[in-house]
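Trainee: Sequence:
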Amino acid sequence: MKIYNTMSRKKEQFKPMNDQRVKLFVCGPTVYDDAHIGHGRTYISFDMIKRYLEYKGYSVFYLQNVTDIDDKIINRSAEVDADPEVLARKFEKRYQEDMEALGVNGVNLFARATDHVPEIISQIETLIEKGFAYETSTGVYFDEAKFENFGKLSRRNLEDLNVHRVNIDQTKKNPGDFALWKKRDEEPLWDSPWGTGRPGWHIEDTAITEEYFGPQYDIHGGGLDLIFPHHEAEIAQMEAASGKSPMVRYWMHTGFLNVSGEKMSKSLGNFITIRDLLEDHDPQVFRFFVLSTHYRSPIDFSEKTLDQAAKSLKRIQKTVEKLNELLDSSAGNDDDYFSGLLKDYRIKFLESMDNDFNTPEALAHIFNFVKELNKAFEDKTPSEKVLKDIISFFNEFGEIMGFDLAVKSNDGDISGELLDIIKDVRQKLREKKEWALSDDIRGRLNDLGIDVED
RNA sequence: GCCAAGAUGACCGAGAGGCGAGGUGCAUGGCUGCAAACCAUGAUACUUGGGUUCAAAUCCCAAUCUUGGCCCCA
91 MKIYNTMSRK KEQFKPMNDQ RVKLFVCGPT VYDDAHIGHG RTYISFDMIK
141 RYLEYKGYSV FYLQNVTDID DKIINRSAEV DADPEVLARK FEKRYQEDME
191 ALGVNGVNLF ARATDHVPEI ISQIETLIEK GFAYETSTGV YFDEAKFENF
241 GKLSRRNLED LNVHRVNIDQ TKKNPGDFAL WKKRDEEPLW DSPWGTGRPG
291 WHIEDTAITE EYFGPQYDIH GGGLDLIFPH HEAEIAQMEA ASGKSPMVRY
341 WMHTGFLNVS GEKMSKSLGN FITIRDLLED HDPQVFRFFV LSTHYRSPID
391 FSEKTLDQAA KSLKRIQKTV EKLNELLDSS AGNDDDYFSG LLKDYRIKFL
441 ESMDNDFNTP EALAHIFNFV KELNKAFEDK TPSEKVLKDI ISFFNEFGEI
491 MGFDLAVKSN DGDISGELLD IIKDVRQKLR EKKEWALSDD IRGRLNDLGI
541 DVED
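Take the first sequence: its position 56, counting from 1, is numbered 146 in this note's numbering, and each next residue is one higher.
No lab work stands behind these hints: they were computed from the structure. Heads up, a few of these hints could be off.
[Unchecked claim] Heads up, simulated BS3-like pairs for lysine-lysine below, C-alpha to C-alpha not over 27 Å straight-line:
(1) 263 - 92
(2) 353 - 408
(3) 478 - 433
(4) 220 - 272
(5) 220 - 401
(6) 273 - 263
(7) 401 - 465
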């Protein structure tokens with residue numbers, strides 16, 4: 091399979107360092123506020139990526155950091171008069187809940203920055219020893235001039251990086267030098283060889299990945315906005331500290347999510363949290379919406395596009411529903427035909443997924459398969475065995491994408507049983523050709539969001 | 001200013017030199033008491049201007065526009 095590598099700007103054959111084991115790290119959230127749908131886009135994408143890698147037989151360890159110490163957290167705590175740690179824990183918990191709601195559950199280990207301060211300090215010490223970092227009165231900084239290839243991921247050079255900076259710390263050698271350790275004397279703070287203070291932003295990720303993965307690993311992911319400066323800084327830190335390159339074999343970046351063509355921001359008033367979204371939208375539909383665009387492309391969120399996604403997903407679900415219904419009665423002998431279809435579309439689907447996780451194209455194949463099946467069922471039926479093969483393909487598809495394609499059962503639910511009674515009554519009315527009354531019932535059920543199809 | 005990504009039909013969205021994916025919407029027909037679902041058919045595309053090529057949505061050069069980054073950000 092091929093993966094687009096931001097470093098080379100090309101699709102490359104995917105080959106993990108250790109045969110079937112894949113070490114995947116994705117930059118996690120800064121927990122100072124609720125996650126928004128842009129986070130949702132990124133984490134759904136990487137969730138799908140992990141699911142597909144596992145489907146392909148790789149054993150994936152998915153590591154994610156949680157930034158729980160940072161200026162934004164401190165500022166927010168001051169605004170709301172809360173303890174920074176309490177605030178961070180609260181939003182970390184809400185983040186986990188949001189991800190669970192979206193069906194994003196592939197992360198094997200969450201690593202908090204504050205749980206890795208010793209590792210951070212030790213990495214900074216190494217950088218100082220090796221001459222890549224220096225201490226000033228305000229902190230410890232990475233000396234970008236000492237690192238030869240600084241900017242190789244974003245394709246920038248040092249001159250670009252050293253202009254147009256505001257509020258430059260005067261103690262730094264170069265404006266682009268970034269903080270590894272910030273000297274502070276007010277809480278929250280930790281002891282260090284350089285006095286009290288707290289870690290800079292970039293260092294936590296490399297300290298964490300070095301701890302769990304070592305200095306080199308397979309995939310590092312995140313949003314496009316992290317390429318510069320965050321990922322550049324990570325490369326500089328880790329490669330300088332270890333002397334090994336590359337730190338990461340494949341850099342994967344997700345495109346932005348815009349809202350009605352504009353960047354989502356609080357000042358524009360178009361800021362949508364995952365919680366807002368899920369108040370009146372099905373998480374499945376949002377997943378489908380996300381995966382109907384390639385993970386690297388920009389995606390435009392609107393009620394209209396979400397609605398289109400809902401209808402598209404339903405088309406697939408209808409067919410799966412029909413397959414399950416047929417399961418009880420199927421005894422046909424058109425197995426060659428159906429097996430052939432299944433084989434063809436399965437291959438096409440996998441080819442698309444192997445091509446840098448091209449989910450929109452993969453979905454197009456699924457839709458074609460759906461159409462072929464619907465057409466075939468007009469005059470052909472497979473045996474139960476082949477039908478089960480088809481259903482299990484849809485199950486695999488659902489597993490990879492994280493879609494729940496199963497028919498929703500009303501068993502054990504009073505309202506479901508009541509609904510069955512209503513439907514039953516209506517059916518009897520229709521048998522007596524009481525059209526007006528039966529249509530009225532159908533209309534009123536539709537108003538409640540319940541589809542009735544005859 | 002510098003850097004990056006992008007511009008495909010009414011809307012969403014793949015493709016990356018040679019049969020104009022797919023979904024949603026729309027139109028017509030079939031099925032149906034009607035509607036829905038499903039099937040069939042159809043209309044509407046590759047930002048502009050040059051160039052390379054037997055052949056360009058796809059490559060090259062220019063231009064225009066959009067979004068983003070350069071303090072923080074998935």
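Trainee: Each hint: holds or not?
Mentor: We went through each hint and held it up to the structure:
1. Distance hint between residue 263 and residue 92 is unfulfilled; the C-alpha atoms sit about 41 Å from each other, more than 27 Å.
2. For the hint linking residue 353 to residue 408, the alpha-carbon distance of about 35 Å lies beyond 27 Å, and the restraint is violated.
3. Distance restraint check for residue 478 and residue 433: the Cα-Cα separation of roughly 14 Å lies within the 27 Å cut-off, and the hinted pair is therefore satisfied.
4. With a C-alpha separation of about 20 Å, the suggested pair residue 220 and residue 272 falls inside the 27 Å cut-off, and the hint holds.
5. Between residue 220 and residue 401, the direct Cα distance comes to roughly 58 Å. Violation of the 27 Å bound is thereby established for this hinted pair.
6. With a C-alpha separation of about 17 Å, the suggested pairing of residue 273 with residue 263 holds against the 27 Å cut-off.
7. For the hint pairing residue 401 with residue 465, the CA-to-CA distance comes to about 19 Å; that is within 27 Å, so the pair holds.
Hint violations for this structure: numbers 1, 2 and 5, all remaining hints satisfied.
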